[in-house]
Amino acid sequence: MKHFVLFIATVFTILFIAYLNKNQSFLVHDQKPTVKIFTYSSFSSKWGPGPVLKEMFEKTCDCHVDFLEGADAGILLQRLKIEGEKLGADLVIGLDQYDLQKAVVQSNWRTLEFSNLDIDPQIKAALKNEFFVPYDWGVLTFVTRDNPSIEIPSPLSLDQLLEKPFFRKIALQDPRTSSVGLQFVMWVLKIKGEEAGYKYLSQMMRQVQSFSPSWSASYGLFKSGQADLVFSYTTSPLYNQIEEKNTHFKALEMVEPNPVQVEFVGIPTSCQHCDLAEKFLNVMLSVEGQKVIMEKNYMLPVFKKAAEGTAFEKIPIPFRLMNVQFPTVSDIDRILKRWSDLRRESNL
Amino acid sequence: MGKKIIPWGISLFLLSPCIVLVFLLHHWAMPSWGELFWALGNSILQSFFSALFALGLGFVVALGAIRLSPERFVLKSIFDILCLVTQFIPVVVSLVAILNLIEPFPNGILGMVIVHVFLNFGLAAILLSQHMKTVWGETSDMARTLGVTRFLYWRKAGLPLIKKELGLIFLYLFSLFFTSFSVPLIVGGGRGTTLEILIYEKMRLSLDWSAAVVLAWVQVAFIFILSFLAIRNRTNVTPRNANIQWLGSYAGVFVLLILMASLFAGYSSGLVEGWIQRRDLSLYMNDLGWGFLNSIMLGLITFVFVMVIFEGLSWVGIIPEWLDRFLNGYLAPSTSLTCFAFLILLPAEPIWSYFKIPLAFVILSAPALYRMGFGERLKDLHHQIEQAKILGAEDGAIFNEVTWPQIKSHARFLGALVATWACGDFAVARILSTKDFTLGLITQTLLSTYRSSLASVVSVLLLLACLSCFFLIMGWDYVDRRKS
Chain A
0 MKHFVLFIAT VFTILFIAYL NKNQSFLVHD QKPTVKIFTY SSFSSKWGPG
50 PVLKEMFEKT CDCHVDFLEG ADAGILLQRL KIEGEKLGAD LVIGLDQYDL
100 QKAVVQSNWR TLEFSNLDID PQIKAALKNE FFVPYDWGVL TFVTRDNPSI
150 EIPSPLSLDQ LLEKPFFRKI ALQDPRTSSV GLQFVMWVLK IKGEEAGYKY
200 LSQMMRQVQS FSPSWSASYG LFKSGQADLV FSYTTSPLYN QIEEKNTHFK
250 ALEMVEPNPV QVEFVGIPTS CQHCDLAEKF LNVMLSVEGQ KVIMEKNYML
300 PVFKKAAEGT AFEKIPIPFR LMNVQFPTVS DIDRILKRWS DLRRESNL
Chain B
0 MGKKIIPWGI SLFLLSPCIV LVFLLHHWAM PSWGELFWAL GNSILQSFFS
50 ALFALGLGFV VALGAIRLSP ERFVLKSIFD ILCLVTQFIP VVVSLVAILN
100 LIEPFPNGIL GMVIVHVFLN FGLAAILLSQ HMKTVWGETS DMARTLGVTR
150 FLYWRKAGLP LIKKELGLIF LYLFSLFFTS FSVPLIVGGG RGTTLEILIY
200 EKMRLSLDWS AAVVLAWVQV AFIFILSFLA IRNRTNVTPR NANIQWLGSY
250 AGVFVLLILM ASLFAGYSSG LVEGWIQRRD LSLYMNDLGW GFLNSIMLGL
300 ITFVFVMVIF EGLSWVGIIP EWLDRFLNGY LAPSTSLTCF AFLILLPAEP
350 IWSYFKIPLA FVILSAPALY RMGFGERLKD LHHQIEQAKI LGAEDGAIFN
400 EVTWPQIKSH ARFLGALVAT WACGDFAVAR ILSTKDFTLG LITQTLLSTY
450 RSSLASVVSV LLLLACLSCF FLIMGWDYVD RRKS
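Residue numbers (numbering that gives the first Met the number 0), protein chains in the order written: chain A, 0 to 347; chain B, 0 to 483.
The set of hints was computed from the structure by calculation and includes no laboratory data.
Treat the hints with caution; some may be incorrect.
Cross-link-like lysine-lysine pairs, in silico, DSS-like; alpha carbons within 30 Å at most [to be verified]: (1) A/LYS244 to A/LYS304; (2) A/LYS304 to A/LYS278; (3) B/LYS434 to A/LYS80; (4) B/LYS434 to A/LYS58; (5) A/LYS85 to B/LYS434; (6) A/LYS53 to B/LYS434.
Residues from chain A that keep clear of chain B, each with C-beta distances beyond 12 Å, as calculated [said to hold, decoys possible]: (7) GLN30; (8) MET55; (9) ILE190.
Glycine included, C-beta positions come from ideal geometry on N, C-alpha and C.
Okay, chain A solo, but in the shape it has when bound (with noise of 0.2 Å):
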């Protein structure tokens, strides 16, 4: 036992001079505020964004910037509601246009107003709420490689996927824990109507090869060569292209109009430092910002000009684009649940 209690004083005594020195460190700081990002860790991550605009704003802001991470919207919102205050967080960033209704039943947020930005027209719809910012959106669509297994026609349309040379061929996220699965269901509910539309996901049930819990995942399984199609965004082939120097992979134009997806920011009114998340928020939104995010996210800018000259001017966007949509919490609940059924039904 008494080796043991000595074990276990060594290793509290390690944290406890952690914890100092993390103080101490505060103090080496000196006096500046620290304005907490909560955020996902793809965008906090060396790769990710947030790091070089974290760099720009505190050249500038006399002030520290420290990420909070969480996995996604969904995790952020619930430990934002848990630990609310606690958390700290000043800024919000990354839930998508599914999650604004539950954000603003769970939490509260400050009014911010930028109705005036001259945002791209694509995504106008976007600005309709008075509490988040959209600061990046991608268009989803399927991405295919060279060479697939089967024949895809061009443009694809959505009742061709359920052919029968597509059968276990495509890869999809589970609409209830993955944001771009969520966007296929109600990509096809706002096409075919709901009835007709969950009709067609039935019938899809049969075609997926799988439903993967993330996009990572789903994206993962269609390089290793599981799949010929997954569904994903328009940019992907650009980072295969530009990260990988891979250019076997592209962005299928489809029929239908595709589905758009925006990502917001947000100031909970719990925050500590609202004037600074505020600039920090002006600095997402100026065209270098955007650039980062664009070039860090492989996302668009909502911003044209920030793409001006780059390799994201050059993807081709001749999709038709659906208009971006607010569902209300229970519209996606009941939407999941009829999912769920249809997923249990199927019995594949």
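Starting from the known structure of chain A, fit chain B onto it as the hints suggest.
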């Protein structure tokens, strides 16, 4: 006094997420019965067959483990590493490798069973071989002297003797598969809606969690009842160490090698691609170093917390019947719900992650560890503890001279398993931490930013961290045993 407080303290600690969740319930929202029974049925079916086949394959591989000479430490270590390797590779990476092996891959119950068995037969083999060594030791020498063949021994004595252990490991695997998350989602097909997924779905989508908490209670109650039924009428065997190498079979070694070689064939394609892009990792070099240390640190703190529970139980010695029943039947309510309970209980500062994550692991694993042989071994010592008491020995002396010396090695082995799990985890850490401070979290971030090949490369480092953590503890145990 301490002997009365410790059992209550341990029970309250393990129940703490449930207590917190009760306060979260503003009203009772029952999920629909159809939905509940459907999910429960899927959970039972996939868990039963996964546990059955993992145990069957684990038995064959365990024969390989005991066939290897204990003196050939390096060979034995490589064998153990191969058995445990799937525990540390991110599930998505392993999944891709498995899906590459079987085309077309059957979704549904069969798909879930295949993946679960593939990922866990090695763990079952390691646990079984530990039991075989102690339980078969008593009769193996006699059987050998009498000229009994291996097959006859397995059939007539070996299997009946470890029947109880097989049941316990089956139950452990069943609980593990019952709460599995990623695998049912990806390969479960229409049958992929298990209770655990339904809980997550309710929690993520509902605003008040009531339905999720009710489902979690159903899950806890089911495992509790099952454990209670499974552990009745057990028999006791006095463990003894002896050379049982002759009872093993190289067939187990070959089975392991073939399965792992096929898994690595799929895994290596991602590794090769990632290795080509390794320069991209330069941004993360500093973080990778700290991530390596932090992962090991988390593992070690988890180990310390597990040992606190084990030492507490050993100090009590004769476990009260109610606590024994509780530990044999209790299962923490869903990983995600347990984690969210900790978010409410403890502060949000990053430093607290070093406490929250290990504590969550202890709550999630302690009852399962008790069922994996710790409780049984403690019971085997009851007679000695009672004798020591009659002879007037004090509690401290009983603990130091009787109980702990005989049980510590097994406790450390179980603690090392959980520590390794904590070291390589990203699911619990992702909910409870606010930074990418471990290799598991960095790997997951890489996976979520297109960089699956680089994630494969980092997962090798993660594997090294997990192995370092495991062998650090087992090495310390080895030295300690040698000294004493």
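> What hint numbers does the structure not satisfy?
Replying inline: none
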